[in-house]
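Student: When you get a sec, could you build the whole thing from the sequences and use the hints?
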Amino acid sequence: MGSLTLSSPSGLSSPPKPAHHVRVGAGAGFAGDRLDPAISLAEHGRLDFLVFELLGERTVAAAQRRERETAHTGFDPTLVERIRSVAVHCAANGTRIVTNGGAANPRAAAHAVAEAVRELDVDLPVAYVIGDDVLSIVSDEDPLTWETGQPASTADGELISANAYLGAEPIRRALDSGARIVITGRVADPSLYVGALAHSFDWDHSDADLIGRATVIGHLLECAGQVTGGYFADPVTKPVAGLARLGFPFADVDANAQAVLSKLEGSGGEVTTRTCTEQLLYEVSDPSAYITPDVIADFSHVRFEEADVDRVRVSGGTGTPRPSTLKVTLGYDSGWQGEGQLSYSGLRSKERAELAAAIVVQRLDELYDVDPESVFVEYIGMAAAFRGLVAVDDPAEVRLRIVGSAATRQVASIIGDEVEALYTNGPAGGGGARKSVHSVVSVKSCSVDRTIIEEAVSVEFVDDSANAPANNDPADENTAARRRGDPA
Amino acid sequence: MTQIDELASVRTGDKGDTLILAVIAHDQAAFELLDQELSVERVAAHFGLNARAVTRSELPTLHSFSFELSGLLGGGVTGSPNLDGHGKTMSYHLLTLEI
Numbered sequence: 001m002g003s004l005t006l007s008s009p010s011g012l013s014s015p016p017k018p019a020h021h022v023r024v025g026a027g028a029g030f031a032g033d034r035l036d037p038a039i040s041l042a043e044h045g046r047l048d049f050l051v052f053e054l055l056g057e058r059t060v061a062a063a064q065r066r067e068r069e070t071a072h073t074g075f076d077p078t079l080v081e082r083i084r085s086v087a088v089h090c091a092a093n094g095t096r097i098v099t100n101g102g103a104a105n106p107r108a109a110a111h112a113v114a115e116a117v118r119e120l121d122v123d124l125p126v127a128y129v130i131g132d133d134v135l136s137i138v139s140d141e142d143p144l145t146w147e148t149g150q151p152a153s154t155a156d157g158e159l160i161s162a163n164a165y166l167g168a169e170p171i172r173r174a175l176d177s178g179a180r181i182v183i184t185g186r187v188a189d190p191s192l193y194v195g196a197l198a199h200s201f202d203w204d205h206s207d208a209d210l211i212g213r214a215t216v217i218g219h220l221l222e223c224a225g226q227v228t229g230g231y232f233a234d235p236v237t238k239p240v241a242g243l244a245r246l247g248f249p250f251a252d253v254d255a256n257a258q259a260v261l262s263k264l265e266g267s268g269g270e271v272t273t274r275t276c277t278e279q280l281l282y283e284v285s286d287p288s289a290y291i292t293p294d295v296i297a298d299f300s301h302v303r304f305e306e307a308d309v310d311r312v313r314v315s316g317g318t319g320t321p322r323p324s325t326l327k328v329t330l331g332y333d334s335g336w337q338g339e340g341q342l343s344y345s346g347l348r349s350k351e352r353a354e355l356a357a358a359i360v361v362q363r364l365d366e367l368y369d370v371d372p373e374s375v376f377v378e379y380i381g382m383a384a385a386f387r388g389l390v391a392v393d394d395p396a397e398v399r400l401r402i403v404g405s406a407a408t409r410q411v412a413s414i415i416g417d418e419v420e421a422l423y424t425n426g427p428a429g430g431g432g433a434r435k436s437v438h439s440v441v442s443v444k445s446c447s448v449d450r451t452i453i454e455e456a457v458s459v460e461f462v463d464d465s466a467n468a469p470a471n472n473d474p475a476d477e478n479t480a481a482r483r484r485g486d487p488a
Numbered sequence: 001m002t003q004i005d006e007l008a009s010v011r012t013g014d015k016g017d018t019l020i021l022a023v024i025a026h027d028q029a030a031f032e033l034l035d036q037e038l039s040v041e042r043v044a045a046h047f048g049l050n051a052r053a054v055t056r057s058e059l060p061t062l063h064s065f066s067f068e069l070s071g072l073l074g075g076g077v078t079g080s081p082n083l084d085g086h087g088k089t090m091s092y093h094l095l096t097l098e099i
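One line per chain: the protein sequences are V and R, in this order.
Under my numbering, think of the first position of the first sequence as 1, with each following residue one higher.
Under my numbering, think of the first position of the second sequence as 1, with each following residue one higher.
These aren't lab readings, by the way, just hints derived from the structure by calculation.
The reader is advised that the hints may include incorrect statements.
[Claimed, not checked] Cross-link-like lysine to any residue pairs, in silico, SDA-like; alpha carbons within 25 Å at most:
id, chain 1, residue 1, chain 2, residue 2
1, V, Lys327, R, Gly16
2, R, Lys15, V, His21
3, R, Lys88, R, Arg52
4, R, Lys88, V, Ser436
Tutor: And the structure:
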C-alpha cells in the first residue's frame with residue numbers, strides 16, 4: 001500500500017502575479033474532485049484566493065436529507081480534509097479560501113473547519129453565510145415549479161429542502177469584514193469567484209458589464225480541471241499530456257475583469273483556446289443570457305487569445321442587470337432505489353442477458369407485486385448510455401443492470417437480491433454480481449422574489465473576536481489596499 | 001459524407017432533463033459547413049426527438065454552436081434510473097452524425 005499523505009509533485013512553479021492583478025485559483029470543481037491539485041496550487045500558485053466548488057444541483061438536497069437524519073452532518077464530507085491540506089500554505093502565502101462546501105449546514109461546517117485550522121496553529125478567521133435555506137419561505141409562498149407549473153407542495157414526495165442560489169455579495173461582505181475562509185451553502189458557482197474579485201477591487205455590483213465579464217472568469221474556473229484538459233481529452237483527436245497530474249487553473253484578473261487563464265508550470269494538462277471554448281459553453285443553454293444571481297451575462301462576444309504556452313487571454317464578456325428573482329432548488333424525498341448487475345460474455349451474451357432480465361421482471365411482478373413497467377433494464381456494452389439511439393446486435397460482452405424504486409429500503413433491496421440469485425437459478429455463465437441500495441432525492445426548481453430571500457441572508461464569524469473591525473485592521477494589507485481603491 | 005468528429009469537438013452539459021451540446025468547429029470552414037448542415041432538424045432526428053424540442057444558438061466569434069435538447073434526459077440526474085443520468089456520454093453520439 002502507498003502512503004495516504006498527499007504531496008505535490010516536484011518541479012511546479014508559477015510566474016509572479018502582474019502588478020495590480022488578483023490571482024484566483026480553482027481548488028475543486030465538484031464534491032468528488034481530486035485533493036492534490038489544490039495542494040499544489042496553494043503551495044506554488046502565489047494565489048490571492050483558492051476556491052472550492054463542491055455543490056451540485058442535487059448535492060445540496062442530499063445534504064439536507066443527511067442533516068435531517070443526523071444533525072451537524074449536512075456539510076460536504078470532504079471539506080475539512082480539503083481545507084486542512086491547504087491551510088498552512090494558504091496562511092503562509094496570504095491566500096484566502098472561498099467554498100460552498102457548507103452545503104446544508106454552513107454554520108456546522110465553519111465550526112468544524114475553524115477547529116481544524118486551530119489544530120494547525122494558523123490564524124485564518126472563518127466566516128459563513130446563511131440564508132440560502134428558504135424552506136420556510138417556500139412553504140409559505142408555495143411557488144410554481146418550472147418543471148410542472150404546479151405548486152411546489154403538490155409534487156410527488158415530501159419536500160425536504162429548498163435552497164436559493166445566492167450571489168457574490170455575501171461573500172464579498174465576509175471578505176470585507178476580514179474573513180480568511182468563507183464558507184457558504186448554495187451559491188451560484190461563478191459567484192464564488194465574483195465575490196472574491198468584487199472584494200479585491202471594490203466593484204460596484206450593479207455594473208452589469210463588469211460583473212458579466214467577471215462571471216465569464218468564474219464560469220471558466222468553476223469546474224477546475226475541465227478547463228485544463230479534463231473532460232476534453234481524447235487520445236486520438238484531442239490528446240492531452242499529463243492527465244494523471246492534471247493541473248487546476250488560475251486566473252490573473254485586473255480591475256476591469258480582463259483575465260489571463262493559466263495553470264502551474266510543470267503540471268499536467270493544457271490551457272488553450274479550445275479547452276477554454278469548450279468550458280465557456282459547458283452547461284450553457286443560451287450563451288447570450290447566462291443567468292446568475294449577480295447578472296445576466298452575455299458570452300456571445302467572448303474572445304480567447306493564446307498569450308503564451310498554457311496562457312489564454314479572455315476578453316469580450318458583457319452583461320445586463322441581474323434578475324429580480326432567485327432560482328431555488330427544491331429537494332423531494334423520493335424513496336429508495338435498488339439495483340443489481342451481472343455480466344454475460346461470449347456466445348449469445350445478449351440473448352442470455354435478455355432472458356435473465358425477463359426472469360427477474362417476472363419474479364418481481366409475481367412474488368412482490370412490482371409493476372413490470374416500473375422496472376428499468378440496461379444492457380451495458382450495448383451502447384446503453386446512448387439510451388437506445390444506437391443498435392448493437394452482437395456484443396462480445398453484456399453487463400445486465402436492473403433498477404427499481406420502492407418506498408422502503410427493504411423492498412428496494414429485493415431488486416439486487418433477485419439479480420444476485422441468477423448465479424444459481426438463471427442463464428448459464430452469469431458472473432460478477434453486484435447489488436446496491438440508495439435513497440433518492442429528486443429535485444425541481446422554482447423562482448422566488450430575491451428581496452424576500454436577501455432580507456434573511458447574513459454573514460457570521462465562528463469566533464466573534466476574529467471579527468474585530470477588520471476594515472480598519474492595518475495588518476490586513478489587502479483590505480487596506482482595497483480601501484485605498486487599489487487592487488489587492 | 002463527413003462525420004461531425006472530423007469537423008468539430010462536442011462537450012455535453014445538463015440542466016434538469018435538458019441536454020446541452022456545445023459544438024466547437026475546428027476552423028472557420030468547418031463552422032460554415034456546420035452552420036449550413038447541422039440543423040435543428042438533423043440533430044433532433046439523430047437523438048430521436050421532435051424538432052420542436054431542440055434549439056440552436058450560434059457563436060461565430062468562437063466557431064461554435066450550443067444545442068439545447070429538452071426532455072432528452074427524462075427526469076435528469078435524479079429522476080432517471082439511467083446509469084449515466086447526466087447524459088455525459090452523449091457528446092460522442094453527436095460526433096457520429098454524418099452530413
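Student: Are any of the numbered hints broken by this structure? If so, which, sorted upward?
Tutor: Hint check: 2 fails alone, others pass.
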